[in-house]
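Residue numbers (my numbering), protein chains in the order written: chain A, 1 to 179; chain B, 1 to 173.
I should point out that these hints are in silico values taken from the structure, not numbers from a laboratory. Since this is a predicted model, take the numbers as computed values, not measurements. Note that beta-carbon positions come from the ideal geometry of N, C-alpha and C, so glycine has one too. Careful: at least some of the hints might be erroneous.
With a straight-line cut-off of 20 Å between C-alpha atoms, the simulated SDA-like cross-links for lysine to any residue are [stated by the list, open to error]:
#	chain 1	residue 1	chain 2	residue 2
1	B	Lys106	A	Phe167
2	B	Lys28	A	Phe167
3	B	Lys114	A	Lys164
4	A	Lys36	A	Leu52
5	A	Lys164	B	Ala105
Incomplete in silico selection of chain A near chain B, CB under 8 Å [unchecked claim]:
#	residue
6	Leu20
7	Gly25
8	Val44
9	Ala54
10	Ala80
11	Ile100
12	Tyr105
13	Gly110
14	Tyr120
15	Met163
Below are the chains, spelled out letter by letter.
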Amino acid sequence: MAVSYLEVLFPVIGLVINVLFQVLGFRYIASIGLLKSIFLGFSVGLFSVITLEAYVFFTMSKSAQDFIAIIIVNLVTYSALGYCYFHFLNLGETARRIRIVRELYDSEGGLSLEGILERYNARDIVQKRFERLLNNRQIIEKSGRYYIGNPVMLMMANIMVAMKLIFLGKESEFDFHRE
Amino acid sequence: MKILLLSPILFLMAFILQLIIWKIRIPKRQIKVLLVIFFGTLFTGLLTLKIAPFSIPGLAVYSPRHPLEYLHISISFISLTLAYMITYSAIEADSPSLVMIRAVAKAGLGGLDKKEFEKTMNDELLVIPRVRDLLNDKMAYIDGDKYRLTPKGFLFARLFVLSRKILNAPKGG
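Taking the hints into account, I'd like the entire structure generated from these sequences.
Here it is as structure tokens:
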């Protein structure tokens, strides 16, 4: 059989190492922000998966074809899991639904809509995002007006709109032309 | 080789099925339907490989022989599915950051005036639809005039409270 029990779990082991190093990096390395800690965790996890695969290749008799097929599967699986973890952290950092859920969680007896908006509203959302975009140089400010800086986010935004058109037939959730 | 081929093929089949269903009618609870489509495809695919590999010419050659191979295919497929679903949730709802970036780009050489922009990005656009989503996803319910979390909502909140606590990070949003 081409695959062993451990090889099946290598991507999951890589993810556990990824999470461990990301958390330790974020908490204990002062100069590291969330994004850099995510890259650190992902890199260490990836290195672990490659090392484990190499160990199996050199210690177990396995054809090169089987080894290449399994390492590709495991690297793709690990990358997908790492991507999910990145988004999980990103959701905790930026997602509006999660913030609203947390406000409800912290309020015994629940909150009225006005209560929710007192704690979290459009002004907070826009302000935080402008700060983030400015800090990451995705946008730049000149004389009180904003311009595109690093175009990577703009490319992502355009890709997202293209995907919305493909899947949902509209550019925005507030575009009701299709209905 | 089997795992390298079967996992992406099953994923592609589920993806095509989703596209067909979405062209007929976009479901109200999209993520839930995606889960059903993808895990249904995985289950049906693996069952076919196990019970009826000769039902499709040439399929028997690729049929896994050992339970570990089925497990490996499942782990690979599930990781691709989770990655896809988490990306899809970003397609469903407009990301304020990406909307802002496109607005800045659209403003062109003259640049975007922040105060003008803030007038369009209001609670009706940014907060109230997300509150509505929580009701649709059964994470919250209305009790009188108050929004309260369901057990599902509590579990969801606890997961993120714990992860932010481990990171020693403040509330996000």
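Q: Grab the minimum C-beta distance from alanine 54 of chain A to chain B and call the hint holds if it beats 8 Å, violated otherwise.
A: violated (18 Å)
(Q) Tell me if the straight-line CA distance from lysine 106 of chain B to phenylalanine 167 of chain A falls inside 20 Å. (A) violated (23 Å)
Q | Hint validity - tyrosine 105 of chain A Cβ closer than 8 Å to any chain B Cβ | A | Holds, about 4 Å.
Q) Taking the closest Cβ pair, is alanine 80 of chain A under 8 Å from chain B? A) With a closest approach of 4 Å, the alanine 80 of chain A hint holds.
Q | Satisfaction of hint between leucine 52 of chain A and lysine 36 of chain A, Cα-Cα up to 20 Å | A | Outside the cut-off at roughly 24 Å; violated.
Q.
Does the closest beta carbon of chain B sit nearer than 8 Å to the beta carbon of leucine 20 of chain A?
A. violated (11 Å)
Q. Between lysine 114 of chain B and lysine 164 of chain A, is the straight-line Cα distance small enough, at 20 Å or below?
A. violated (26 Å)
Q | Interface hint status, glycine 25 of chain A versus chain B (Cβ within 8 Å) | A | Violated - the Cβ of glycine 25 of chain A stays beyond 8 Å from chain B, reaching only about 10 Å at its closest.
Q.
Please check whether tyrosine 120 of chain A passes as an interface residue: C-beta within 8 Å of a C-beta belonging to chain B.
A. holds (6 Å)
(Q) Would the hint on valine 44 of chain A be counted as holding, given a Cβ-Cβ threshold of 8 Å to chain B? (A) At 17 Å from the nearest chain B Cβ, valine 44 of chain A fails the 8 Å test, so the hint is violated.
Q) Taking the least C-beta to C-beta distance, is methionine 163 of chain A closer than 8 Å to chain B? A) holds (5 Å)
Q.
Restraint: isoleucine 100 of chain A near chain B, CB-CB cut 8 Å. Satisfied or not?
A. holds (6 Å)
In summary, the numbered hints that this structure violates are 1, 3, 4, 6, 7, 8, 9.
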